[in-house]
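Novice: Residue numbers (the working numbering), protein chains in the order written: chain Z, 1 to 81; chain G, 1 to 321.
Be careful, since some hints might not be right.
Stated by the list, open to error - Derived SDA-like pairs: lysine to any residue, alpha-carbon spacing no greater than 20 Å straight-line:
id: 1; chain 1: Z; residue 1: K5; chain 2: Z; residue 2: V66
id: 2; chain 1: Z; residue 1: K50; chain 2: G; residue 2: Q255
id: 3; chain 1: Z; residue 1: K48; chain 2: G; residue 2: K284
id: 4; chain 1: G; residue 1: K284; chain 2: G; residue 2: Y301
id: 5; chain 1: Z; residue 1: K5; chain 2: Z; residue 2: I41
id: 6; chain 1: Z; residue 1: K48; chain 2: Z; residue 2: N29
id: 7; chain 1: Z; residue 1: K50; chain 2: Z; residue 2: L80
id: 8; chain 1: Z; residue 1: K73; chain 2: G; residue 2: D147
id: 9; chain 1: G; residue 1: K126; chain 2: Z; residue 2: K22
id: 10; chain 1: Z; residue 1: K22; chain 2: G; residue 2: D38
id: 11; chain 1: Z; residue 1: K48; chain 2: G; residue 2: K66
id: 12; chain 1: Z; residue 1: K48; chain 2: G; residue 2: D147
id: 13; chain 1: G; residue 1: K232; chain 2: Z; residue 2: D45
id: 14; chain 1: Z; residue 1: K48; chain 2: G; residue 2: G257
id: 15; chain 1: Z; residue 1: K35; chain 2: Z; residue 2: K50
id: 16; chain 1: Z; residue 1: K22; chain 2: G; residue 2: S144
What the hints assert, rightly or not - Stretch by stretch, here's where chain G covers chain Z in the computed footprint (C-beta under 8 Å, at least three residues):
id: 17; segment: 9-15
id: 18; segment: 24-33
id: 19; segment: 52-66
id: 20; segment: 69-76
The set of hints was computed from the structure by calculation and includes no laboratory data.
Where a beta carbon is used, it is the ideal one built from N, C-alpha and C, also for glycine.
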Amino acid sequence: MSETKTVMVYSTPTCPYCRQVKEFLTQHNISFTDKNVAADISARDEMKAKSSSLGVPVIDVDGTVVVGFNRTKLQELLGLS
Amino acid sequence: MYLDTLYDLTIIGAGPAGMTSGVYAARKNLKTLMLTSDIGGQTAWSSGIENYLGYTYITGAELVQKFEEHMMKFDINVQYTRVSDIRYLDELFHATTSDGQEYVSRAMIIAAGKSPRLLDVPGERKFTGRGVTYCATCDGPLFSGLDVAVVGGGNSGLDAVVQLMKICPKVYLLENSNALRADEIMREHASRAKNVEIIFNSSVVKIDGGDFVETIEVSDNLSGNTRNIAVKGVFVEVGLSPNTGFLRNLVNLNQCGEVVVDCEGKTGIPGLFAAGDVTNVPEKQIIIAAGEGAKAALAAYSYLVRLPDAELEQAEREAWT
Chain Z
1 MSETKTVMVY
11 STPTCPYCRQ
21 VKEFLTQHNI
31 SFTDKNVAAD
41 ISARDEMKAK
51 SSSLGVPVID
61 VDGTVVVGFN
71 RTKLQELLGL
81 S
Chain G
1 MYLDTLYDLT
11 IIGAGPAGMT
21 SGVYAARKNL
31 KTLMLTSDIG
41 GQTAWSSGIE
51 NYLGYTYITG
61 AELVQKFEEH
71 MMKFDINVQY
81 TRVSDIRYLD
91 ELFHATTSDG
101 QEYVSRAMII
111 AAGKSPRLLD
121 VPGERKFTGR
131 GVTYCATCDG
141 PLFSGLDVAV
151 VGGGNSGLDA
161 VVQLMKICPK
171 VYLLENSNAL
181 RADEIMREHA
191 SRAKNVEIIF
201 NSSVVKIDGG
211 DFVETIEVSD
221 NLSGNTRNIA
231 VKGVFVEVGL
241 SPNTGFLRNL
251 VNLNQCGEVV
261 VDCEGKTGIP
271 GLFAAGDVTN
281 VPEKQIIIAA
291 GEGAKAALAA
301 YSYLVRLPDA
311 ELEQAEREAW
321 T
C-alpha cells in the first residue's frame, strides 16, 4: 500500500484531461485537493509559479509537479502498479 | 521486452473510432488489446457537440466520458503508451511502443486519429504550455482577462474565438487568406463582436516573450510588412495532420498522409484495418469515425474467423504463453 501523499490538482471545468486525472486518482483511492484555476486567480498564479506553465491539468504530488495527464509518471510518484 | 501474449486484435488509438472498434471486438469475444496515449482523441477537445445522434448538445468531455464508461465495461486490455513502430511478420502484427514493449496480434486496426498541425515558427515550441496552446477547450479559461490571438479561420479557430471573446478583453483572429473558412454562423458571431479583430492575409512569423508569451510578430502576406502585437496567449488552430508517422512504409498513404482504406476499412495488408480520421474517409466527424470503427472491427472479426488455422486458436495461444 502506498504511503499517504499530498496531492493537488489544478484544473479547469472544461478540460477533459483534468476530469480524467481526477477519475484516475479517485479510482486508486488517492485523496486530492482540486483547485479551479478558471475561477481562482491566486490558484492560477500558484500553478504558474510551481509548473512554469500555463496549461492544465497540473498535478503536484508532494512537491513534484506533473504537467498534463502523464499516467506513467503519476503511477510512479504515487507508488501504483 | 517481449510480452508472451498473442492477441486476436490490436487497436491503436482510443478516439471514437478506436473505442467503437473495441466495443465491437470485445462483443465478438476477440482477445483485444488497445494501445493509446490518451482517451477521447479530438472529441475531447470539442467544446460543444450538437450533431452526435442522441444528444442535442453535449460537451466533448462529457461525450468522451460516455464512450469511455461504455468501453470499460468490456474485457479490453488498454495500455497507455505510444506506438513507435509496426512490423508485419509471418502474418502477425508486431507493435513496438515508446517504452520498449512489443505486442503481437493476428489483426490490427489503426485508429490513431489526427494531431494539431504546428505553425512551425520561432518561439512556438519554447512557449508551448507557456502561452501557446492547441486546445482552447482545455486552456481557454486560463486566459480570462488577457489579450489573446487565435491563428486559423476555420471552424476550430472560430470555435476558439467564440469561447475566448466572452472572457478576454481582446481577441485577434489571424487568417492567412482573405476570407474565413468557418461556417456562416460562426463567422457572424466573430464579426459582430466588438472585441474581436480579424486580420486577413496574415501569418505569425515569431512568438516571443520572457517566461511566458508576450508578443507575436505578424506578417502581412500581401505587403510583407510586419507588426508586433502584445498578447498573452496564442491559440493555434491551423488544421490537423494524421498520426501515421509510426506506419512508415507499411501501408498506402494518400497525399494528405492518411491511410487509404476501402468501404470495409481494409488496407492493402490482410488483417490490417483502419478507421476514423486517420483514414481517407472524406468527412471527419465523430459519428462517422464511430461508424468506421464498428465496420473495421466487424471486418477484422470476419478476417479472423476465416483464417485457415482459426480452429487452432486455443492451441496456438497455449504455445505462446
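Novice: None of the hints should be skipped; say for each whether it holds.
Specialist: Results for each hint:
1. Z:K5 - Z:V66: holds (14 Å)
2. Z:K50 - G:Q255: With Cα atoms ~43 Å apart, K50 (chain Z) and Q255 (chain G) exceed 20 Å; violated.
3. Z:K48 - G:K284: The hint is violated at about 35 Å.
4. G:K284 - G:Y301: violated (25 Å)
5. Z:K5 - Z:I41: Between K5 (chain Z) and I41 (chain Z) the Cα gap is close to 25 Å, so the pair fails against 20 Å, i.e. violated.
6. Z:K48 - Z:N29: Given pair K48 (chain Z), N29 (chain Z) is violated - Cα atoms ~27 Å apart, limit 20 Å.
7. Z:K50 - Z:L80: violated (24 Å)
8. Z:K73 - G:D147: Violated: K73 (chain Z) and D147 (chain G) sit about 34 Å apart, past 20 Å.
9. G:K126 - Z:K22: violated (28 Å)
10. Z:K22 - G:D38: holds (15 Å)
11. Z:K48 - G:K66: Cα-Cα ~32 Å, so violated.
12. Z:K48 - G:D147: At roughly 18 Å apart (the allowed maximum being 20 Å), D147 (chain G) and K48 (chain Z) satisfy the hint.
13. G:K232 - Z:D45: holds (14 Å)
14. Z:K48 - G:G257: Distance of about 37 Å is beyond 20 Å: violated.
15. Z:K35 - Z:K50: OK: K35 (chain Z) and K50 (chain Z) at ~13 Å, within 20 Å.
16. Z:K22 - G:S144: violated (23 Å)
17. 9-15: It holds: at least three residues are needed, and the segment 9-15 of chain Z offers 4 whose Cβ sits within less than 8 Å of chain G.
18. 24-33: Not satisfied, violated; 0 residues make the cut.
19. 52-66: Coverage by chain G holds here, the residue count being 5 at a Cβ distance below 8 Å.
20. 69-76: Answer holds; 3 residues pass the 8 Å Cβ test.
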